[in-house]
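Asks: With these hints in hand, go ahead and build the complete structure from the sequences.
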Amino acid sequence: MSAKATSAGAAQSTPAAMPVDIRMASLRAIYIIWYRDLLRYWRDRWRLVASLAQPLLFLVVFGSGLSSALGRDSLFGASGGFTYIQFVYPGIIGMAILFTAIFGAMSIVWDREFGFLKEVLVAPIDRWAVAIGKALGGTTQAMIQGLILLVLAPFVGVKLNVLTVAELIPLAALLAFGLSSFGVALASTMKSLQGFQVVMNFLMMPMFFLSGALFPLTNLPGWMTVLTRLDPASYGIDPLRRVVLSDSGRSSALVERFALTINGHVLAIPLEAGIMLAFGALMLGIAVLMFQRRD
Amino acid sequence: MTEAGAVIEADGLVKRYGQLEAVRGIDLEVRRGEIFGFLGPNGAGKSTTISILCTLLTPSAGSAHVAGIDVMRDPARVRQRIGLVFQDPSLDDQLTGRENLEFHAFIYSVPAGERDRRIDEMLALLQLTDRASSLVRTYSGGMKRRLEIARGMLHQPQVLFLDEPTLGLDPQTRQSIWTHLNQLRDSKGITIFMTTHYMDEAEFCDRIAIIDRGKIVALGTPDELKAMVGGDVVTITSSRPGEAAAEIESVLGVTPIRDDGSLRMEVPDAKVFVPRLVRELSAPVDTVTLRRPSLDDVFLKLTGRAIRDEEAGTKDQMRAMASRWMGRRR
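Line by line, the protein sequences give chains A and B. Just so we're aligned, residue 11 is where the first sequence starts under my numbering, counting upward by one. Just so we're aligned, residue 252 is where the second sequence starts under my numbering, counting upward by one.
What the hints contain is simulated information worked out from the structure, not anything from laboratory work. Please note that a few of the clues may not be correct.
To be verified - Result set (DSS-like, lysine-lysine): computed pairs, CA atoms no more than 30 Å apart in a straight line:
1) B:Lys522 <-> B:Lys552
2) A:Lys128 <-> B:Lys395
3) B:Lys466 <-> B:Lys477
4) B:Lys552 <-> B:Lys477
5) B:Lys466 <-> B:Lys552
6) B:Lys395 <-> A:Lys201
7) A:Lys128 <-> A:Lys201
8) B:Lys477 <-> B:Lys522
9) A:Lys128 <-> B:Lys466
Replies: Here it is as structure tokens:
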């Protein structure tokens with residue numbers, strides 16, 4: 011013990027002891043910030059269950075209710091077509107991703123409120139590492155949260171295969187990334203929990219309702235068509251739906267009926283993915299800039 | 252460096268917020284290996300000064316060096332060399348004690364090969380080994396503080412900054428925090444810079460700077476500061492304090508300081524003074540107390556005001572209530 015103490019004392023008397031590479035430190039910081047988010051997510055089993063309960067409720071109550079209400083002459087239920095519950099299922103996966111991503115990223119505001127953010131911000135690392143670590147943490151949580159719901163596929167009569175699941179993973183990741191980055195950018199501007207409710211009511215809910223998660227984005231009034239196309243979540247949820255429903259044994263024309271269009275043209279999935287990626291990158295860029303301002 | 256062994260140097264630090272001048276020209280030097288106390292009432296500028304030294308705030312004027320590095324020019328290198336314990340809790344209470352330390356080891360670039368060894372050492376030093384794998388949520392206030400100190404020491408800083416480390420803790424816990432800090436100083440040779448508004452705690456420091464309204468009003472060892480008061484402190488209570496005060500001043504030539512209903516005065520020799528006081532005063536004297544001067548008296552003498560612990564007390568309570576309420580919501 012005493013030998014240890016003297017060696018530590020000696021190390022302290024040389025002020026130039028080992029200059030630390032800030033860039034490397036920042037990369038390590040991204041990892042540990044991401045890891046902490048996952049650890050907390052994993053530890054909070056109750057939240058995990060609760061966050062599954064909500065989509066399930068939507069699916070069962072909303073889905074079943076509307077399935078029977080929507081008649082044969084609607085888009086749903088036409089001979090050989092999809093029922094509403096099948097339609098809404100990928101939308102609910104999108105919902106789970108949307109809410110988990112934004113909430114996950116906005117946990118920064120909690121960290122600020124409870125002081126932990128200070129521990130991170132005073133560390134000898136670059137601030138961009140905090141934004142990126144948080145965005146990746148939110149992305150991972152949201153992706154898991156969305157993909158877990160794939161186990162419900164058999165119950166709503168949706169068929170999946172290895173290929174579609176393999177396609178869904180990157181698509182879910184992109185949607186999660188876009189919205190997480192958005193959440194981090196939002197959180198970087200918020201100093202207290204008060205703004206949270208505002209974001210919830212005036213951003214997240216409209217974003218969810220306009221995203222095409224609950225109804226097809228076709229034949230809408232003009233103003234609404236514009237808003238739905240401005241909603242970044244639309245470009246993440248539409249490809250999820252098209253892939254989830256692709257192995258249903260119905261013609262692709264039936265699936266395309268729901269697809270997101272601009273000026274009547276169906277958008278290609280890679281294009282939608284590209285839009286989502288660009289949105290995420292832009293938001294992350296903003297978040298990084300916001301974090302680098304010293305407060 | 253102007254003096255060999257100075258670990259912290261501040262020159263004319265000023266911090267303005269709009270019209271308000273929170274810090275109005277602070278100069279100080281802290282020597283290697285000492286426990287330096289920054290003492291003053293709430294709002295005196297303690298936290299602002301410590302924040303500047305920790306590179307969390309940029310001063311409006313003046314300069315500061317910590318561990319030989321300019322805090323404005325190279326804040327990242329300063330941060331690498333200092334440990335911080337904030338006034339408000341900054342732990343993740345959903346993680347275990349050990350996980351909090353691991354997180355810190357990562358963001359402070361503690362070499363991978365040393366991580367576990369140092370974490371174990373710090374846990375042992377602050378007597379947290381048994382509870383290392385419990386969630387911080389289940390820790391007591393004192394344990395959380397100890398964990399924050401352990402965390403601040405993990406990257407082997409040269410200076411440990413503590414902002415009101417014992418705020419809101421019960422006396423017994425405060426005592427144990429002090430024992431730990433002394434132990435750290437002795438075994439690690441670390442310099443400790445701390446703020447406090449508890450007068451009795453300041454006595455444990457090697458040197459103290461008393462700060463009031465953004466300025467240092469006195470600096471020295473506790474004994475040196477107490478010597479400034481000179482002699483003994485006599486406190487009397489009287490049912491007619493105003494009359495008594497006037498009389499003491501005119502008859503005995505001592506100017507008492509009124510503090511609520513009591514009158515406090517500094518006299519060279521209480522043994523001689525008290526009998527005279529009782530004999531020559533016509534105003535009633537209800538009680539007389541005499542004692543050696545404390546830092547309270549020093550503060551009172553320098554500023555004409557007492558540091559009100561009661562005031563801080565309610566604030567602490569509000570803080571504790573707020574954190575309990577918030578904690579439950581989490």
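Asks: Indicate, hint by hint, whether the structure satisfies it.
Replies: Structure-based check of each hint:
For the hint linking B:Lys522 to B:Lys552, the alpha-carbon distance of about 21 Å falls within 30 Å, and the restraint holds. Simply put, A:Lys128 and B:Lys395 have alpha-carbon atoms about 16 Å apart, close enough for the 30 Å limit, and the pair holds. Taking the CA atoms of B:Lys466 and B:Lys477, the gap is about 19 Å. The hint holds against a cut of 30 Å. Distance check on the hinted pair: B:Lys552 and B:Lys477 sit about 10 Å apart at the alpha-carbon level, within 30 Å; holds.
Note on B:Lys466 and B:Lys552: the hinted pairing holds, with a Cα-Cα distance of about 15 Å set against a maximum of 30 Å. About 25 Å separates the Cα atoms of B:Lys395 and A:Lys201, which keeps this hinted pair within 30 Å; it holds. This hinted pair checks out: A:Lys128 and A:Lys201 have alpha carbons roughly 13 Å apart, not beyond 30 Å. This hinted pair checks out: B:Lys477 and B:Lys522 have alpha carbons roughly 19 Å apart, not beyond 30 Å.
Our distance criterion of 30 Å between C-alpha atoms is met by A:Lys128 and B:Lys466, whose separation comes to about 27 Å.
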